[in-house]
Amino acid sequence: MTWFSRSLSGPRSERSPASRGARNVLASVAALGACALALGMAPKSIMPSTPGDSMAPKPASGAPILVGHYGSLTGPEATFGQSTSEGIRLAFKEINAAGGIDGRPIELREYDTKGEPKEATLAVTRLIKSDKVVAVLGEVASGLSLAGGPVCQEAGVPMISPSSTNVRVTKVGDMIFRVCFIDPFQGSACAKFATGELKAKTAAMLYDQKAPYSVDLAKEFKRAFKKLGGDVVIEQTYTGGDGDFTTQLTSIRARKPDVLFVPGYYTDVGNIALQARKLGITCPMLGGDGWDSEKLAEVAGKAIEGSFYSNHYAPDQPDEQVQTFIAKYKADYKGKTPDGLAALGYDAAMILADSMKRAGSLDGKKLRDAIAATKDFKGVTGVITIDANRDAVKSAVIVEMKGSPLGPKYRATVTP
Amino acid sequence: MADFLQILITAIAVGSLYALIALGYTMVYGILKFINFAHSDIFVLGAWTSLTASVCVITWLKLDTQQPPLWLAPVVLLCAMVVCGGVAFLVERLAYKPLRKSARLNVLITAIGVSLLLQNVGQLPGFTAAEKDGRSLATVPFGPSPSRMPSLLPDTSLISVPFPSGDPTIPAASVQVNLVDVFIFVSAMVLMFGLQHLVYRTKLGAAMRAVSFNTETASLMGVPVDRVMSFTFVTGAVLAAAAGFLYALKYPGLNQPAHEIWVLLGLKAFVAAVVGGIGNVRGAVLGGFLIALIEFMGMYLFSKYLDPLMGTNMGTNLRDVYVFSVLIVVLLVKPSGLLGTPVREKV
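Each protein sequence line maps, in turn, to chains A and B. Everything in the first sequence is counted per the working numbering, starting at 1 for the first residue and increasing by one. Everything in the second sequence is counted per the working numbering, starting at 417 for the first residue and increasing by one.
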């Protein structure tokens, strides 16, 4: 039996037939462990109606615990939501196979935000009000976490954002957590790398004026870059989705910067890279974790080669835990290499499950306290400790786009 | 100076695209007397069909992905035109024709409905049409993610003129005229002159003008009104398909079909049609170029001269503001558009 759950019908929604259902749909992972595996079925889209039989360790079999996820499964940042969702499912699958939470399996409810704030609010409201989930995971884009966060806060349901880096996200209230680093750190990591490894003296910035993530990351980079003795010679803006960047790029070209900082999302970054190279801008481009998608290499191709971005993890890190995660992920998702968002989705889900076990109760307040007490949790994306601001303290990696096939390769680690 | 020329070249290329799309709005308005809000979605369909068709042909025939043969471009263009023409024909037959006798508002609302339908059907996760090493490269419909159009034209700049800046601290910049810009301009011109010829020099064109002038009288004179209307509609869609194809060549990273940026592009083309005088073919072309020039020159001049004065960097933020302010001014000063003839309501 496959569980379908349509995305909320906004004014222009109604999408998604069954064909690729498993992606956008909430394939509930509950109770899927041993039984589905023993039958050799694809665990992604199938949920046996009866829980599994004996296998060690005993898979979870009690009444399922509902956990929500809201993410951009379609839209301009579609790979963000899809990767996160895949990471979360992988984590819950493992937890359920190992006995769940005190014998109860975790079941995932998931709605699409299409990358739009109003859809994010609707999705979270629906998760809390009609599905009555005990905790919410999501979103990736900071602007959307800022739209969904207040709903969780008001309802007293803990929310963990796997990868929203904007400072304001967790300031919404004491129910909101994240397991990734924040933009002031990311901005200074990029600035450190630019002045240190790239020996850049001057930088140009081109950011998306409509995305809080992009605006604030640009601000943080500028601050850190100036502090390290560099100079931001020109700032230009665009609006996400714009096709043409000639005006911005010709102004930037005239100033001949050593590095071009573009803290945007991958689709726009791809188009910017293409046009920048065409206009004869040869300096390396630098960006944040918004670049992290296999679509970046697909759209930009050669134009993005030799550019860098800061990320949460690099798939070629020699760390054993990272490599085990990659192997498991590849086995489940047709040999796909997980990106940083998938790794963070996995970590967020693992931390949530760990907190549920420690809390001993699914009450919002108790669960909240347990998440807040997370200390030295060894995740795929590093050792995670939740601080007093409900943010994670951890290091960032800088990756370079290179190689064949073109993809992110580990370059440096920056510690807080 | 170099920057100015570079932006001017871009504005002309983008203006050609606006003009091609605006023609569709204007033709449909001229004859059917309603604004076809689904027109921008036909444009998107054209862009995505071009992408899908080129990826498919390249994969099926195992062509060189970096530098496919030149014959591929016209084949893909033709493919986009046929698909868009076909879809537009169906839309007209199924959605608009049954409403021909009803109030104009009904058709307008239907057009919005058709627009939403096309957008969302367009980004359904589709069936794999081309795959390589088990990875799907293209699907029909097009799926919810952005994708990359293969480069069908060699990536060469025809002219590259270096411009010394006069100031030794600022390096010389060069103005590049890329093949793709020239190609866009030339193809748009060919299509527009073709349309001009069709409307003013052929019998069918005379029929179109007759229907536009007075539908009832035209039908009394033996003009097959239904067929002329269908033909007009399909012609507009074919031009939009060409615009979509050219857009995909210039901006190969295509956003998914329901992205709001497409609606905005369509709106700007619509503004071009209104500014030029809706219902007027030459006006649409004029409007297209004018709107693009104002958009790009606005961005350039504002960020070059006003931003440093005010210490801001909002010149490029306001790109849509320039376009829509022109609309407001034109509507205030000459509501029928630059080349439009004022219509007196019969009392």
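Treat the hints loosely; a few may be bogus.
[As the list claims (entries may be wrong)] Some but not every residue of chain B turned toward chain A, in silico, with C-beta under 7 angstroms: (1) Gln483; (2) Trp487; (3) His675; (4) Pro724; (5) Met726; (6) Gly727; (7) Asn729; (8) Thr732.
Note that these hints are calculated values from the structure, not bench results. Here a beta-carbon is modelled for each residue, glycine too, at the ideal position from N, C-alpha and C.
Hints, verified against the model:
1. Gln483: With Cβ-Cβ at 13 angstroms, over 7 angstroms, it is violated.
2. Trp487: 23 angstroms, violated
3. His675: 6 angstroms, holds
4. Pro724: Violated, because the Cβ-Cβ distance from B/Pro724 to chain A comes to roughly 11 angstroms (cut-off 7 angstroms).
5. Met726: Violated: closest Cβ of chain A sits about 14 angstroms from B/Met726, beyond 7 angstroms.
6. Gly727: 11 angstroms, violated
7. Asn729: 5 angstroms, holds
8. Thr732: With a closest approach of 5 angstroms, the B/Thr732 hint holds.
Violated hints, in rising order: 1, 2, 4, 5 and 6; the structure is consistent with all others.
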